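J.: Listed below are the residues making up each chain.
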Amino acid sequence: MSARDSILARIRTARGAGAAATEAERAAVEARIAARTPGTRQAVAFELVPRFIEQCERMASTVDRVATDADVPAAVARYLQDKDLPRQAAAWPAIAALDWTATGVQVEGRPARGDDLVGITGVHLAVAETGTLMLLSSPTTHATTSLLPETHIAIVPTARIVRAMEEAWVQTRSELGELPRAVNFVSGPSRTADIEGILQIGAHGPFRVHVIVVG
Amino acid sequence: MSAPVSGTTNKPKEGYQSIHFKTRAHDRLNDAKVQRAMRNFNLAAARTRGIVDLENFEDIRTAAAAIRDRSLAHLDVWLERFEREATRRGTVVHWAESHDDINRIVIEIAQRTGVRKVIKSKSMVSEESHLNAALEGAGLKVVETDLGEYIVQLAGETPSHIIAPAIHKTRDDVADLFHDHHGTPRKTDPRELTMEARKFLREHFLTGEMGITGANFLIAETGSTLIVTNEGNGRMTTTMPRIHVAITGIEKVLGTLEDAACILRLLTRSATGQSISNYLTFNTGPKRDGDADGPEEMHVIIVDGGRSRLLGTDMQEALRCIRCGACMNHCPVYQNIGGHAYGWVYPGPIGSVLTPNYIGIENAIDLPNAATLCNQCGVVCPVKIPLPDLMRKLREKQVDRGLRPWQERVGLKVWAWMAKRPAAYALFTRIAARIGRRMGGAQGLIHKLPGNGWTEGRDIAAPEGKTFRELYAQRRRS
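Chains as they are written, first to last, in this note's numbering: chain A, -2 to 212; chain B, 5 to 482.
Please keep in mind that the hints were generated in silico from the structure rather than gathered at the bench. All values derive from a computational prediction rather than experimental measurement. We put the beta carbon where it would ideally sit given N, CA and C, even for glycine. Treat each hint with caution, since some may be false.
[Stated by the list, open to error] Residues on chain B that point at chain A, a partial pick, calculated with CB under 10 Å:
#: 1; residue: Ala50
#: 2; residue: Ala68
#: 3; residue: Glu101
#: 4; residue: Pro194
#: 5; residue: Ile223
#: 6; residue: Arg269
#: 7; residue: Asn287
#: 8; residue: Gly289
#: 9; residue: Ala296
#: 10; residue: Gly298
#: 11; residue: Met302
#: 12; residue: Ser312
Please construct the entire structure, taking both the sequences and the accompanying hints into account.
T.: Now the structure itself:
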């Protein structure tokens, strides 16, 4: 008997069930999945955009807000200048396609490399409850852009902000059907407290997460 | 195939350090460095601050416990569902009966794919199987990338906490380790040390060929693994190398993404007080067509390693555990002796329950007794595991199996004999109360009881001289 079969058999014996899973058992599991019952969660009501911004800041992200997509390049340039960061970035292709000419920021639409200092992404969705960016991997939304550079700038349209992770899953299922290879929920810059329990912002991932809310 | 067998012998097995708990705890209590490091341990206070914004924390605890129970009640069906979905999405699912199986499977994958360098994100299950040593034995280079795990690896030690692996180290220890291993000028500032680790580990992230992670959960609905991290090394490990291997226990399956959403509200709050962890990474299969990043192969190893032995028994609730560490963070015993005293992978109250169950009750005889049963652990556990009850049940099992020392067994027999004979009991307690009073002297404290280790570290209050029954009879007469 394979390891798989003997483990499953042992589990079934332990719970006093027959030798193999029955159709009824499988159907019960499928029904449970299909129901996708949301778990218990916070009852308090909140407005999506203010809550998102407040929680981003709680997680040590910085936040800016602009009116339209056309305002994004200038907001990025302003941030890079304020923080004295290089005016050069790897970005998702859709972001790189914005008009950057007036800003003096050189934006390349390609995956990030180990030596890129700034990465600019959009989001699939953003979660107001926790100030979280939801990023999906795909050929045009590279996972490395939000990971390798020291600074991650994320562009978040207000229309993409949802209440909680539950809403994010419902919307993702309806928009995509299936999950991509990687779904990353990012809440602020990377951190560690592994030396004497003292919090350090900036570990292996970005040191800074700057969120530009659009709309 | 060898099925895990729960202690058929009363003789402890060579090699398990958990049998030496008393010596190990004693050593740590007398180790000034460990004691100094443990004073930095502040996760209990962080949790207290972290849960205040969830006004219905208790309701969510109840819901989370129910979610975990639902997985365990039909565990095999959920695991099959996970396997089917993960396979459909291109993940290779492996099953490991024993710890040796884990190591064998990983080495086979590494050899087949020509891997020489392995980078690891945190995986406690891999600690169970001593995976690093096995991989090194097979000629592979292994680099731990969680900062705490990296420190512990450089020191040639094991983690002393499940989420803060190097909490027993001071900044001076880390300074020495980095200076010795990196050949850089010695520095003690935690910020500079963290930046130095980032620099040295970044090189490994870019050149590692296989990434090994744990999985906080498996999602049956989507066939995904979930890892919960703060540093970003978990994302690196699942994004950069061409092979990703996730290792986790059979009990870690959840039904749906909604189940995960509910439990995640409790996990990081209970662990570090954060409302959410910096990174939640759901991985579903290898790189897709056109993807610029991600591994070419994804493997999941589902491990039994003694877990199925708890199912259907009075120990099953322990399998709800979501590995937040709150029980150890609040344990007065853990806070004083640190994790290494426990001698196996999982320390603190949950370790005192899991260790005897996973490796055999006779190999961890002191662990369920290393508790005051104060129930701090039970109160803070996000999935309501009744840890003191489980430790008490393990103590009962030790008695049933005849594993307690002969003095204790004889003593209990004598006590039981007297307890059934009121006249003998009254006479004995009258004599004992009077002797005790005399032993207590002017202070009313007994410093040493004959043949009893209990008074080695503390005094016992002496009896006043009369038994309760005598006083009761006296009062009724007056």
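J.: Decide, hint by hint, whether the structure agrees.
T.: Evaluated hints:
Below 10 Å, beta-carbon pairs count as interface contacts, and Ala50(B) has one with chain A at about 9 Å; its hint therefore holds. At its closest, the beta carbon of Ala68(B) sits 7 Å from a beta carbon of chain A; the interface hint therefore holds under the 10 Å criterion. For Glu101(B), the shortest C-beta to C-beta distance to chain A is roughly 5 Å, which falls under 10 Å, so the interface hint holds. The restraint placing Pro194(B) at the interface with chain A holds, with a minimum CB-CB distance near 4 Å, inside the 10 Å limit.
Annotation: Ile223(B) was flagged as interfacial toward chain A, and the flag holds, the nearest CB pair being 9 Å apart, inside 10 Å. For Arg269(B), the interface hint holds, since its Cβ comes within 10 Å of a Cβ in chain A; the closest pair sits about 7 Å apart. Because the smallest distance between the Cβ of Asn287(B) and any Cβ of chain A comes to about 6 Å, under 10 Å, the interface hint for this residue holds. Checking Gly289(B) against chain A: minimum C-beta separation of about 6 Å stays under 10 Å; hint holds.
Nearest Cβ of chain A to the Cβ of Ala296(B): about 4 Å, under the 10 Å cut. The hint holds. Of the supplied interface hints, the one on Gly298(B) holds, with its beta-carbon coming within about 5 Å of a beta-carbon of chain A, less than 10 Å. Among the interface hints, the one on Met302(B) holds; its C-beta lies about 8 Å from the nearest C-beta in chain A, closer than the 10 Å criterion. Look at Ser312(B): its Cβ gets to within about 5 Å of chain A, closer than 10 Å, so that hint holds up.
Taken one by one, the earlier hints all hold for this structure without exception.
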